[in-house]
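Number of protein chains: 4
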Amino acid sequence: MIRAGIVGGTGYTGVELLRILALHSEVEVTVVTSRADAGVRVDALYPSLRGSIDVEFSLPEVETLAECDVVFFATPNGTAMLMAEQLLARGVKVIDLSADFRLKDAKEWSKWYGMEHACADLIAEAVYGLPEVNREAIRKANLIACPGCYPTAVQLGFFPLLENDLIDVKHLIADVKSGVSGAGRKAELATLMSETGESFKAYAVSGHRHLPEISQGLELVAGKSVGLTFVPHLTPMIRGIHATLYGQVAGSLDDVQALYEKRYANEAFVDVLPQGSHPDTRNVRGSNNCQISIHQPQSGHTIVVLSVIDNLVKGAAGQAVQNMNLMFGLKEDLGLKTIALYP
Amino acid sequence: MIRAGIVGGTGYTGVELLRILALHSEVEVTVVTSRADAGVRVDALYPSLRGSIDVEFSLPEVETLAECDVVFFATPNGTAMLMAEQLLARGVKVIDLSADFRLKDAKEWSKWYGMEHACADLIAEAVYGLPEVNREAIRKANLIACPGCYPTAVQLGFFPLLENDLIDVKHLIADVKSGVSGAGRKAELATLMSETGESFKAYAVSGHRHLPEISQGLELVAGKSVGLTFVPHLTPMIRGIHATLYGQVAGSLDDVQALYEKRYANEAFVDVLPQGSHPDTRNVRGSNNCQISIHQPQSGHTIVVLSVIDNLVKGAAGQAVQNMNLMFGLKEDLGLKTIALYP
Amino acid sequence: MIRAGIVGGTGYTGVELLRILALHSEVEVTVVTSRADAGVRVDALYPSLRGSIDVEFSLPEVETLAECDVVFFATPNGTAMLMAEQLLARGVKVIDLSADFRLKDAKEWSKWYGMEHACADLIAEAVYGLPEVNREAIRKANLIACPGCYPTAVQLGFFPLLENDLIDVKHLIADVKSGVSGAGRKAELATLMSETGESFKAYAVSGHRHLPEISQGLELVAGKSVGLTFVPHLTPMIRGIHATLYGQVAGSLDDVQALYEKRYANEAFVDVLPQGSHPDTRNVRGSNNCQISIHQPQSGHTIVVLSVIDNLVKGAAGQAVQNMNLMFGLKEDLGLKTIALYP
Amino acid sequence: MIRAGIVGGTGYTGVELLRILALHSEVEVTVVTSRADAGVRVDALYPSLRGSIDVEFSLPEVETLAECDVVFFATPNGTAMLMAEQLLARGVKVIDLSADFRLKDAKEWSKWYGMEHACADLIAEAVYGLPEVNREAIRKANLIACPGCYPTAVQLGFFPLLENDLIDVKHLIADVKSGVSGAGRKAELATLMSETGESFKAYAVSGHRHLPEISQGLELVAGKSVGLTFVPHLTPMIRGIHATLYGQVAGSLDDVQALYEKRYANEAFVDVLPQGSHPDTRNVRGSNNCQISIHQPQSGHTIVVLSVIDNLVKGAAGQAVQNMNLMFGLKEDLGLKTIALYP
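Protein chains in written order, with UniProt numbering: chain A, 1 to 343; chain B, 1 to 343; chain C, 1 to 343; chain D, 1 to 343.
The set of hints was computed from the structure by calculation and includes no laboratory data.
Please read these numbers as outputs of a predicted model, since none were measured by experiment.
Zero decoy hints are in this set.
Capping the alpha-carbon separation at 16 Å, the derived lysine to aspartate or glutamate pairs in EDC-like fashion look like this:
| id | chain 1 | residue 1 | chain 2 | residue 2 |
| --- | --- | --- | --- | --- |
| 1 | A | LYS186 | C | GLU188 |
| 2 | B | LYS107 | B | ASP121 |
| 3 | D | LYS331 | D | GLU267 |
| 4 | C | LYS186 | A | GLU188 |
| 5 | C | LYS224 | C | GLU163 |
| 6 | D | LYS186 | B | GLU188 |
| 7 | D | LYS140 | D | GLU125 |
| 8 | B | LYS186 | D | GLU188 |
| 9 | B | LYS224 | B | ASP165 |
| 10 | A | LYS224 | A | ASP168 |
| 11 | C | LYS104 | C | GLU116 |
| 12 | D | LYS107 | D | ASP121 |
Restraint ranges, calculated between C-beta atoms of paired labels, are given here:
| id | chain 1 | residue 1 | chain 2 | residue 2 | range |
| --- | --- | --- | --- | --- | --- |
| 13 | D | GLU163 | A | GLY251 | 33 to 43 Å |
| 14 | C | LEU82 | D | ASP255 | 48 to 58 Å |
| 15 | A | SER299 | C | ARG35 | 52 to 62 Å |
| 16 | C | GLU219 | B | LYS331 | 52 to 62 Å |
| 17 | C | LEU189 | B | LYS331 | 30 to 40 Å |
| 18 | C | GLU188 | B | GLY223 | 42 to 52 Å |
| 19 | B | TYR203 | C | ARG35 | 44 to 54 Å |
| 20 | C | CYS119 | B | GLY223 | 56 to 66 Å |
| 21 | B | MET115 | C | LYS186 | 52 to 62 Å |
| 22 | D | LYS331 | C | MET1 | 16 to 26 Å |
| 23 | C | ALA36 | A | GLY114 | 21 to 31 Å |
| 24 | D | GLU267 | A | ALA258 | 40 to 50 Å |
| 25 | C | ALA36 | D | GLU267 | 26 to 36 Å |
Ideal placement from N, C-alpha and C gives every residue a C-beta, glycine not left out.
Bound-form chain A, shown alone:
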């Protein structure tokens, strides 16, 4: 059994990790930390876990965590970078669900995240945990930087076009809509039900932290710099991300459809829908799947790619476990074969 620890177990990605790992046949969750709730039973805070997890929250201490085989950081940005080095030194694999190791350029990171990077040396070693492009590197990695939720949906949607140089990379548009759980479990006015229910809005149009991460990922695959306009929106639901991607493409819809199907044929968690489909976020709710469809309105040059994920699963905890499975030589979909909750 893999002994797993979770640092920051009280946020939504932490609880989602617990939901997945509690039923994972090869994992035992031995440590779940929370500064605020140390000493409290995990299932007292999260009654949905009663009967599934028999652990108390503890303080986040290296000594305790070092007894794990793998430690997940489900913490706010700026925490993993303070502890990762010590854990790696003790032979613990580290999977960071926060943004600390996602950007390869520490200065860029500091600019977007508003703090100095405390552990820039490790950035080069960190593997960006998107198995669909980095599978082999992930297998050998000790430190994983799990992609953000928006970046996962957008990159999986754009990759086949970029890999085949079929799209005008200067004018990419990603109009993306997220459920409110993406904002995390924090006491904030902006995400009260009275503020977000029955309403829809864009936010951070001038620049969202996921923009440099997406650009970095797209550029790596494209092999050149890209021009991306990324507009995130808040939609009145709890889970789900829907990316609507636009670009100029030469080529028929049939060809592009065939390309996507081939590209993702062996990917367990990326599913290209038949032509004419419109993916619905509910069809991936609670599952680790990404569903994609491609359209070419009025047979013009503008391609429209629709890509949906559950932000807490493929966009966070599920992808983290997918990485863990690869790192430990397990079947990639172990513990992740759940079916979306419909309706």
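Following the hints, put chains B, C and D in place on chain A, whose structure we already have.
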């Protein structure tokens, strides 16, 4: 492997059965019927099932269904009673999720359901599929009448008090709130999102079909007739039932709490929360659990029992599979150990 | 023109007062206070008010407020009691939407609200602002204690039965469901959309602050002590309260229906629906109306009264303006004749 | 008083017209038709209108409607074109909220709406009822084709750039999100709460009926053909449209912001928000306002215009009344000065 058939696979309880059975280690779903969608792939209608179910909808024919070991009826009322006898004669076990065999009095049934009962002879043989009171009978049954969603939440909430004769059975009140999926997957004005979103109302206060079913169940356990006022409400969410039960009880809250804990100590799917708790429907969403808490406001004689379930799982498909497990000698919780989706 | 001030203009009841008063033909809002946002334009914080309100938030100072004819307190509990006396002394009428002057017993108030009452002398002078029972007193009042949202829905539902001594006052039950805006505009985990969306729960079953207020109101009308069990619930919507009231009544449904219709025949804001109706909270959303219907399931002795209001209008800001209209000799429904927003 | 008739009073735009007209000081609603509900009181079907409308639904007959000064068609497509000519011949002004007279090309209309146009002669006479570009023509019109909801939000968002030839018209993108009330009040599976709640999806990406209407409007203003990609989405809320518009613009954000502010300075219902704002659909819910903001991410050439309306008000009934006010020489905002319902 148990070969399972589902008659009426396009409604919400049908899809929910598919979600559960697709991952059940001892079951293979071999037949899923739908008159309207015969010939269509199941996962074409329900993309959430892509990769999990490789079956087409077929017409509901006895010949085909007779090759199954068990057939679930996830049909509107009035269908199972037309086919059950033939299937039973062929040695197929039948689990009916509709109301056809729930009431022991055929005349009463006709009054509430507005049609003649086509198969009254079988009523006596049918076992009411609430394992928490009928476990042994279920193990030996060939025909199961799965309880309704409201009746499940209300009966589990009232049973310990009735079994111990601690409550004034003349004045029971069940104020129950349901998500809209309880109304089924039918094209109806009343359950449009524009009609039910952001709004709350009671309905059928003068008499709901689940009233005689609940009364029958309570009376069986109490050993005498009961006076029940049952008021169902529609709440703007998709899944979940919350029953708030009121009655006059002599005895301290501590005693009642202890009684409930003891009564359900060995039940895998009924969970009595610590004193002072308030169960939340989200904590059982997607799971087969019932969570219960007990209150005695102002230390008076009025007891308040709160009981929550997911109407499509413990209130329908999950309970049906729990029954199946018992009927086939499997572990009762096989395929049902999922954790609620939070948030 | 009546010069009106609002203390605490940034909460939901404050904004709702602004929405109503901005269109009131006899009122000019001259002062809106907020400690946190002093100096900010009101419509910068609330873009829905752009073009309707041309005022900046100011600090809550008696000097400024004393220039108003009426001051509304839309503040947390414990604020109005600190300023009311000075304003009254300057000839300003005070309408308190918080709980400070609702309970006639200062000790009881302290017990439920967890602080000493700073101005107990004024309690006797304060008129409970429920026009349907206190209209004449309100006309002459200088200090109004606006009822809470739950108490408004419950009292209007029970009054006719209590006034006519038709109900067993020992065993009243009020099972009440509220939208989340009732919790106010505060950064709190419990009312995040991720916490309250798609879920339903009871809370404060052991005792909610509105219990003594409701009991006081019912007892005043009944002329004797009452036994009330009050269970509040949180429902996943923003606005609306639905009270389901239970009691033992001797008398036919026809008689009770006639009684309610007569009792409220001249009330502009209380509407008794035809027999067989089920009021829906959306039908009063954004309006000052209370809609009521009465049922007698299975023709038994248990009466079920359904009563719905918009918690922010008839349960707060609308009722406050209704009081203001009475205090200033205006038509009672002036500025309040809006129609609910459906769908 | 203007005598107004509404044909098709049972849909959402019909009820919304009733909500607005019932409080309009210069209008008396004398006829409301419904084939299905003829003889039923309007407020029996819509209890939110109790006390505000004292009319029964009647059959849609020219004789009765001819006694009105103005008739609104809130009907499915294909109805107004059958009755408009007769009403106009009797001197009745006609305001059509359906699509019958929106497209100037009858063949194009037939292609998108799947039926022959029954009254193509009238198309030329019909004035497209978008006051912000057609005010003078509307004043003199007898037949108004009210714009669709999507077209209103998109056109108001693009107009200033097109009028000033500042945008590359070949590559316009409109990514638009609508609440479900836009689908109308019809018993359909697709808009059940269980199908649309807690989920987000695009639809009709290959071609939506509003596409030719939007293109026609944009081209008229641009004076040349435009290339538009229009992707509509369904968002889990009842009311509201949020358009996110993309285009290539030469010019600084300051200049564009100033241009928009100037263009709409005298428009009562179009409100350009300060730079940096993100309009929220709730801030126009229930009001006739359109709120717009402009962004230029990373100071690049891509402009992002955000435009929100309430689909049932500025996108339908409110705009229809705005047209009526102009046609009858009334103040343009009469009866339309409501403030959005927040929260």
